[in-house]
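From just these sequences and the hints, can you work out the full model?
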Amino acid sequence: MTDLRAQMIEDRALRDAAKALLDADVENVREDFSSKSLALRAKDRVTEGASEVYEEAVDVAGDNKGALIAIIAALVMWFARNPITDLFASDETAPAADDHTEADIEDLTSHDENSATAADI
55 MTDLRAQMIE DRALRDAAKA LLDADVENVR EDFSSKSLAL RAKDRVTEGA SEVYEEAVDV
115 AGDNKGALIA IIAALVMWFA RNPITDLFAS DETAPAADDH TEADIEDLTS HDENSATAAD
175 I
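Following the working numbering, the numbering of the sequence shown begins with 55 at its first residue and continues without gaps.
Among the hints, a few may not be true.
Listed next, the in silico EDC-like pairs over lysine to aspartate or glutamate satisfying Cα-Cα at most 20 Å (straight line) [said to hold, decoys possible]:
#1 Lys73 x Glu85
#2 Lys97 x Asp86
#3 Lys97 x Glu109
#4 Lys97 x Glu85
#5 Lys119 x Glu109
Label-pair restraints from in silico Cβ distances [claimed, not checked]:
#6 Pro137 x Arg95: 47 to 55 Å
#7 Arg95 x Ala67: 36 to 44 Å
#8 Gly103 x Ala134: 32 to 40 Å
#9 Glu81 x Leu129: 51 to 59 Å
#10 Glu106 x Leu76: 30 to 38 Å
#11 Asp77 x Asp57: 29 to 37 Å
#12 Glu64 x Ser88: 30 to 38 Å
Please keep in mind that the hints were generated in silico from the structure rather than gathered at the bench. Where is the CB? At the ideal position from N, CA and C, for every residue including glycine.
Written out as structure tokens, the structure reads:
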């Protein structure tokens, strides 16, 4: 009978230790949920992720300075393409849209008067 009693005492001690551990875990979860809302948790997670991405980008940019300079130069050239094109274009090859001669205007108006439309037929 003493073996059964010793086993029972040992089992109760294990049960009590497991219950204490479970109660501590439940209390930790309650504290976590009561101290921060879900929106705040999501914001913290996004902020941490963004800072990790930023740090990784800084590391990659530091390792590949030549490629970064080439990309920045290409972007500057892309956004400045119209002024650069205008700088090298001559006035004769690129007439402005407002530079119509009187002959051009007469040709357009005479073509409109002489053309038959579906309503005229």
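Against the structure, the hints:
1. Lys73 x Glu85: holds, 18 Å
2. Lys97 x Asp86: With Cα atoms ~15 Å apart, Lys97 and Asp86 stay inside 20 Å; holds.
3. Lys97 x Glu109: holds, 18 Å
4. Lys97 x Glu85: Satisfied, since the Cα-Cα distance of roughly 19 Å is no more than 20 Å.
5. Lys119 x Glu109: holds, 15 Å
6. Pro137 x Arg95: 47 to 55 Å: holds, 49 Å
7. Arg95 x Ala67: 36 to 44 Å: With a Cβ separation near 37 Å, Arg95 and Ala67 satisfy 36 to 44 Å, so the hint holds.
8. Gly103 x Ala134: 32 to 40 Å: holds, 35 Å
9. Glu81 x Leu129: 51 to 59 Å: Given about 54 Å between the Cβ atoms, the range holds.
10. Glu106 x Leu76: 30 to 38 Å: holds, 34 Å
11. Asp77 x Asp57: 29 to 37 Å: holds, 31 Å
12. Glu64 x Ser88: 30 to 38 Å: The hinted range 30 to 38 Å holds for Glu64 and Ser88, with Cβ atoms some 37 Å apart.
Hint violations for this structure: none, all hints satisfied.
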